[in-house]
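Peer 1: Chain by chain, the residues run as shown.
There are 2 protein chains.
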Amino acid sequence: MSKREAPFAYGGLDRVMHEKARLGLLMSLMTHSKSLAKGPAKGLAFSDLKKLCGLTDGNLSRHLHVLQEAGLVEIVKTFKDARPHTQVRVTAGGRKRFLDYLGELERVVRDAAPAAKKKRKAGSKLSPATS
Amino acid sequence: MSKREAPFAYGGLDRVMHEKARLGLLMSLMTHSKSLAKGPAKGLAFSDLKKLCGLTDGNLSRHLHVLQEAGLVEIVKTFKDARPHTQVRVTAGGRKRFLDYLGELERVVRDAAPAAKKKRKAGSKLSPATS
Numbered sequence: 013m014s015k016r017e018a019p020f021a022y023g024g025l026d027r028v029m030h031e032k033a034r035l036g037l038l039m040s041l042m043t044h045s046k047s048l049a050k051g052p053a054k055g056l057a058f059s060d061l062k063k064l065c066g067l068t069d070g071n072l073s074r075h076l077h078v079l080q081e082a083g084l085v086e087i088v089k090t091f092k093d094a095r096p097h098t099q100v101r102v103t104a105g106g107r108k109r110f111l112d113y114l115g116e117l118e119r120v121v122r123d124a125a126p127a128a129k130k131k132r133k134a135g136s137k138l139s140p141a142t143s
Numbered sequence: 013m014s015k016r017e018a019p020f021a022y023g024g025l026d027r028v029m030h031e032k033a034r035l036g037l038l039m040s041l042m043t044h045s046k047s048l049a050k051g052p053a054k055g056l057a058f059s060d061l062k063k064l065c066g067l068t069d070g071n072l073s074r075h076l077h078v079l080q081e082a083g084l085v086e087i088v089k090t091f092k093d094a095r096p097h098t099q100v101r102v103t104a105g106g107r108k109r110f111l112d113y114l115g116e117l118e119r120v121v122r123d124a125a126p127a128a129k130k131k132r133k134a135g136s137k138l139s140p141a142t143s
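These protein sequences, in sequence, are chains A and B. For the first sequence, the residue numbers in the working numbering are 13 to 143. For the second sequence, the residue numbers in the working numbering are 13 to 143.
It should be emphasised that the hints constitute simulated quantities derived from the structure, not laboratory data. Quantities reported herein were computed from a predicted structural model and do not represent experimental measurements. Don't take each hint at face value.
The list cannot tell twin chains apart, which means a pair is met if one copy fits it or any two copies do.
In silico lysine-lysine, DSS-like type, Cα no more than 25 Å apart, as pairs [what the hints assert, rightly or not]:
1) Lys54 / Lys89
2) Lys92 / Lys108
3) Lys32 / Lys108
4) Lys108 / Lys62
5) Lys108 / Lys129
6) Lys129 / Lys54
7) Lys32 / Lys54
8) Lys92 / Lys129
9) Lys89 / Lys129
10) Lys92 / Lys32
This is chain A alone, in the form it adopts within the complex:
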């Protein structure tokens, strides 16, 4: 389906990455990888991701599994100070696909600009919210 045929189909919003929790996980991994320009990212620990995304152990495990199955992240289980340690990082392919996804998200925000602008213009003249 081309953009001209269905401009609001947003085919680039891959459901694996668009899901709220997984979007937060990928955002965390992409923005907290300090060595991007120099080489492969070191990634983040399971406990860091839990805090950054406000997820429970169970939810985090489940969503990481979906991301791993899709080839977007790598999960490395090791020991650190004699305790089990889980490190997660984005794959090279995952990085590319997430940046493509972000491009589509930017398009959504750009498409929405006329509506958001009208709101600012109309200001308090808009009727109060009812749902």
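Following the hints, put chain B in place on chain A, whose structure we already have.
Peer 2: Below, chain B without anything else, positioned relative to chain A:
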């Protein structure tokens, strides 16, 4: 969960509106309503939404039902030239909630800026995609 506690939780990404097809539907309704500043929006016909979002009859009906149940849209069934006609428009509350959602989406795009910038800087030095 506050933003400081879990900066990547993105609590404002309401699942009803964040789903790809429903996001496209709300975007269509919000950006094709020409009378926003003057009064209630006229909305769009079922057939227009089908084309704009590239959805089948079944999928469109299903997603519109979800949006209606959440109080985000109103569905008016009438007759036009002796044929059944379905018109859909955003409610006042739906408009407000969708603009709040868009604010959160803008935050995601802003949060992603460092990663997207690094990509442009690194350019062709990044390894090719593998997944």
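Peer 1: If a hint holds in the structure, say so; if it does not, say that too.
Peer 2: So, going through the hints one by one against the coordinates:
For a Cα distance limit of 25 Å, the shortest separation of Lys54 from Lys89 inside one copy, 13 Å, qualifies, whereas the shortest one across copies, 56 Å, does not. Within a single copy, Lys92 and Lys108 get their C-alpha atoms no closer than 30 Å, and across copies no closer than 48 Å, so neither meets the 25 Å cut-off. Proximity of Lys32 to Lys108 under the C-alpha cut-off of 25 Å is found in both arrangements, the shortest distances being 19 Å within a copy and 20 Å between copies. In this homomeric assembly, Lys108 and Lys62 come within 25 Å of each other (Cα to Cα) only inside a single copy, at 24 Å, whereas the closest approach across copies is 31 Å.
With identical chains, the CA atoms of Lys108 and Lys129 are at most 25 Å apart between copies only, with a shortest distance of 13 Å across copies and 32 Å within one. For the identical chains of this complex, Lys129 and Lys54 are inter-copy neighbours only, at 19 Å across copies versus 41 Å inside a copy, given an alpha-carbon limit of 25 Å. Proximity of Lys32 and Lys54 under a CA criterion of 25 Å is satisfied intra-copy only: 23 Å inside one chain copy versus 31 Å between copies. Taking CA atoms no more than 25 Å apart as the test, Lys92 paired with Lys129 passes in neither setting, with 51 Å inside one copy and 33 Å between copies.
Taking the shortest alpha-carbon separations for Lys89 and Lys129, neither the intra-copy value of 48 Å nor the inter-copy value of 31 Å comes in at or below 25 Å. For the homomeric pair Lys92 and Lys32, neither the shortest alpha-carbon distance inside one copy (30 Å) nor that between copies (40 Å) is at most 25 Å.
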